[in-house]
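Asker: Protein sequences, first through last, are from chains D and S.
Read left to right, the first sequence gives residues 1 to 113 (this note's numbering).
Read left to right, the second sequence gives residues 114 to 227 (this note's numbering).
Quick caveat, the hints were computed from the structure, so don't treat them as lab data.
Warning: the hint list may mix true and false statements.
Computed spacing ranges between beta-carbons, pair by pair [as the list claims (entries may be wrong)]:
id	chain 1	residue 1	chain 2	residue 2	range
1	D	Thr26	S	Arg170	20 to 26 Å
2	S	Ser186	D	Thr26	33 to 39 Å
3	D	Arg61	S	Phe173	34 to 40 Å
Some residues of chain D that are not near chain S, with every Cβ distance over 10 Å (derived) [to be verified]:
id	residue
4	Ser7
5	Gly43
6	Ser46
7	Asp69
8	Ser85
9	Lys100
Partial pick of chain D residues on the chain S-facing surface, computed with a CB cut under 10 Å [said to hold, decoys possible]:
id	residue
10	Cys19
11	Gly41
12	Arg42
13	Pro44
14	Ile89
15	Val111
16	Phe112
These figures come from a predicted structure and were not determined experimentally.
All residues carry an ideal CB built from backbone N, CA and C; glycine is no exception.
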Amino acid sequence: KNQVEQSPQSLIILEGKNCTLQCNYTVSPFSNLRWYKQDTGRGPVSLTIMTFSENTKSNGRYTATLDADTKQSSLHITASQLSDSASYICVVSAFFNTDKLIFGTGTRLQVFP
Amino acid sequence: ETGVTQSPTHLIKTRGQQVTLRCSSQSGHNTVSWYQQALGQGPQFIFQYYREEENGRGNFPPRFSGLQFPNYSSELNVNALELDDSALYLCASSLSESSGNTIYFGEGSWLTVV
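Turn these sequences into a full structure, and let the hints steer you where they fit.
Answerer: This is the structure:
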């Protein structure tokens with residue numbers, strides 16, 4: 001069964017600190033992996049997209065990594081800001097179903113001053 | 114802004130009623146998908162439309178139906194509403210099904226069934 005699991009479920013950090021969120025997936029055959037940021041009650045906003053051949057992709061203070069062999073991805077947030085408080089969702093697509101996304105349940109990040 | 118517009122933003126319905134949610138996709142995007150997101154959960158795929166044809170369906174009963182119009186806007190219809198249908202309904206648009214295309218989400222429609 002295609003699944004996406006994320007850890008931790010929730011995370012609290014102080015402003016200015018770094019953090020890393022984890023994503024493990026069993027989706028096959030793998031097509032691409034996306035990280036989204038979702039503020040409470042809002043629609044998800046795309047942060048990164050990575051295909052099979054990409055290991056790292058950055059978007060400002062967000063850096064995503066992908067290990068297709070171990071089926072793991074991480075999202076690293078550098079120098080966190082209060083506005084980073086949100087849910088971060090890992091989303092995986094399978095070949096032949098590239099737009100039918102399989103979502104993780106997300107990591108709820110809270111950044112405190 | 115993602116260019117994907119959903120309406121209404123919030124609505125309350127009673128059990129047994131019917132609801133229609135609307136989505137205006139980003140200009141030029143011919144693929145639209147609908148997702149249901151319960152509180153504290155990740156979105157669950159309902160169905161997808163590509164050039165006005167249904168192109169995949171998740172594990173939702175037939176009372177969840179949809180349409181895509183020639184201008185690629187879309188509707189989600191839910192009949193015989195149940196309490197468990199209370200959720201955030203998200204519309205996502207993209208250009209074709211090519212891998213790696215960015216998928217843009219709307220802000221969602223909050224449905225409460227009482």
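Asker: Hint numbers the structure violates, sorted upward?
Answerer: 5, 6, 9, 10, 15 and 16
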